[in-house]
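Going down the list, the protein sequences come from chains R and D. If you're matching positions, the first sequence starts at 3 in my numbering and goes up one per residue. If you're matching positions, the second sequence starts at 496 in my numbering and goes up one per residue.
Keep in mind the hints are simulated off the structure, nothing from the lab. Note that the Cβ used here is the ideal one computed from N, Cα and C, for glycine as well. Misleading hints may appear alongside valid ones.
Ranges between beta-carbon positions, derived for each pair [said to hold, decoys possible]:
hint, chain 1, residue 1, chain 2, residue 2, range
1, D, 652, R, 59, 25 to 33 Å
2, D, 607, R, 41, 21 to 29 Å
3, R, 41, D, 579, 49 to 57 Å
4, D, 661, R, 56, 49 to 57 Å
5, D, 580, R, 37, 50 to 58 Å
6, R, 62, D, 657, 54 to 62 Å
7, R, 41, D, 536, 38 to 46 Å
8, R, 53, D, 552, 45 to 53 Å
9, D, 506, R, 26, 47 to 55 Å
10, D, 507, R, 64, 43 to 51 Å
11, D, 555, R, 41, 16 to 24 Å
12, R, 61, D, 548, 31 to 39 Å
Far from chain R, some chain D residues (derived; all Cβ distances over 12 Å) [to be verified]:
hint, residue
13, 544
14, 557
15, 621
Computed list of chain R residues with no C-beta within reach of chain D, every gap over 12 Å [unchecked claim]:
hint, residue
16, 11
17, 15
18, 19
19, 22
20, 35
21, 41
22, 59
23, 61
24, 68
25, 69
26, 70
27, 172
28, 173
Next come the chains, spelled out residue by residue.
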Amino acid sequence: MAIDKSAGIDAAIDDAARAMTDAAPSDALRANVARRIAAPASRTPAWRPLAAAAAALAIVAASVVWQWAARPGVSEVPRRSAAIDPVPEPSTPAGAPRAGAAAPVPPRETAPVAAASRSRGRIARQSPGPVGVPDAVDIDPLAIAPVSPEEIEVDAVTAPPGIDIAPIAIRPLAIAQVAGDQVE
Amino acid sequence: MTDDELVRLARAGDVDAFDQLVIRHQAAVFRAALAALRVREEAEEAAQDALVRAWKNLGAFRGGSSFKTWLVSIAWNRAISRRRSLSRWFARRAPLADAGLVALGGPGPLDALRHRDLARQATVAIDALSPKLRDALLLAQSGDYAYAEVAAMLKVPVGTVKWRVSEARRQVRQRLAALGFVDGD
Numbered sequence: 003m004a005i006d007k008s009a010g011i012d013a014a015i016d017d018a019a020r021a022m023t024d025a026a027p028s029d030a031l032r033a034n035v036a037r038r039i040a041a042p043a044s045r046t047p048a049w050r051p052l053a054a055a056a057a058a059l060a061i062v063a064a065s066v067v068w069q070w071a072a073r074p075g076v077s078e079v080p081r082r083s084a085a086i087d088p089v090p091e092p093s094t095p096a097g098a099p100r101a102g103a104a105a106p107v108p109p110r111e112t113a114p115v116a117a118a119s120r121s122r123g124r125i126a127r128q129s130p131g132p133v134g135v136p137d138a139v140d141i142d143p144l145a146i147a148p149v150s151p152e153e154i155e156v157d158a159v160t161a162p163p164g165i166d167i168a169p170i171a172i173r174p175l176a177i178a179q180v181a182g183d184q185v186e
Numbered sequence: 496m497t498d499d500e501l502v503r504l505a506r507a508g509d510v511d512a513f514d515q516l517v518i519r520h521q522a523a524v525f526r527a528a529l530a531a532l533r534v535r536e537e538a539e540e541a542a543q544d545a546l547v548r549a550w551k552n553l554g555a556f557r558g559g560s561s562f563k564t565w566l567v568s569i570a571w572n573r574a575i576s577r578r579r580s581l582s583r584w585f586a587r588r589a590p591l592a593d594a595g596l597v598a599l600g601g602p603g604p605l606d607a608l609r610h611r612d613l614a615r616q617a618t619v620a621i622d623a624l625s626p627k628l629r630d631a632l633l634l635a636q637s638g639d640y641a642y643a644e645v646a647a648m649l650k651v652p653v654g655t656v657k658w659r660v661s662e663a664r665r666q667v668r669q670r671l672a673a674l675g676f677v678d679g680d
């Protein structure tokens with residue numbers, strides 16, 4: 003592909019243009035095409051980003067769970083017993099009516115307690131059983147206990163002294179009161 | 496076996512028939528991509544995409560043109576799509592590297608130097624052309640495509656291709672003349 007001087011500038015231009023595309027494809031081109039034709043659709047490159055994102059998400063989730071389980075001090079948290087932190091039983095709420103009251107419907111405050119009990123049971127079921135695993139998952143959830151009316155201190159609030167507000171007298175404005183020479 | 500017969504077999508799912516078509520036309524497909532992208536690795540990927548796309552869309556080939564024209568048109572479109580990714584295009588193109596592909600000629604060392612300089616400057620001038628002129632010139636001069644095939648790739652009439660090639664030559668010649676390269680040296 004020598005540039006023939008006698009052929010002039012045009013030949014040099016043509017040769018240069020030809021040289022810019024004068025290359026053969028690699029042997030891998032045909033093999034890669036055959037491989038991609040034979041590959042199922044799920045293995046096309048379009049799915050690779052999704053697969054990579056899913057893998058990254060799984061790694062992050064596993065890392066978070068691992069760090070939470072291996073957190074120092076979690077296993078040393080004392081297990082709170084019912085004697086220390088009693089949780090009222092849903093069947094005998096403290097705020098329930100006393101003698102004479104035959105209302106079978108429990109007060110609304112017992113609902114969180116029952117939910118807390120259910121939640122605690124759920125956590126206990128979720129706690130890992132194998133030996134060596136810290137019992138960090140036995141932390142009792144926050145329980146909301148009902149309060150009896152006698153335990154509520156209410157400060158007496160006296161009515162504020164009355165404010166003496168004089169009635170406002172509205173009088174019609176007389177046009178004659180405004181003289182022309184009084185207007186600036 | 497003709498291209499049409501191979502296409503018919505490939506449409507019926509014959510992978511080997513399509514492989515024969517790949518063997519026949521992969522060079523033309525690759526060079527079309529190389530003319531657009533000017534980077535070998537990019538051209539390989541574009542050519543690969545084009546061939547796979549052709550396989551998937553064989554049913555769309557109506558036979559209005561030759562299979563080769565249809566195939567290289569797909570390759571050109573894939574390459575142009577790639578080229579539109581401007582960051583990649585400007586970051587990775589290396590036009591001067593191809594200047595070394597032009598073999599040296601001439602009887603003496605001075606002629607050889609002058610020819611090498613001329614080839615390098617011609618490459619630079621071609622690279623400085625507008626994309627429309629440069630594409631037409633590179634495709635027409637590659638030796639792989641007739642003007643009708645270039646026109647099909649560029650989606651312009653044959654007359655437009657010829658004008659672009661002529662105009663590209665004129666502009667390159669003008670640039671070379673400004674550097675002292677004129678006929679009769």
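*Violating hint indices (sorted, rising)*: 1, 2, 3, 5, 7, 8, 9, 13, 15, 16, 17, 18, 19, 20 and 21
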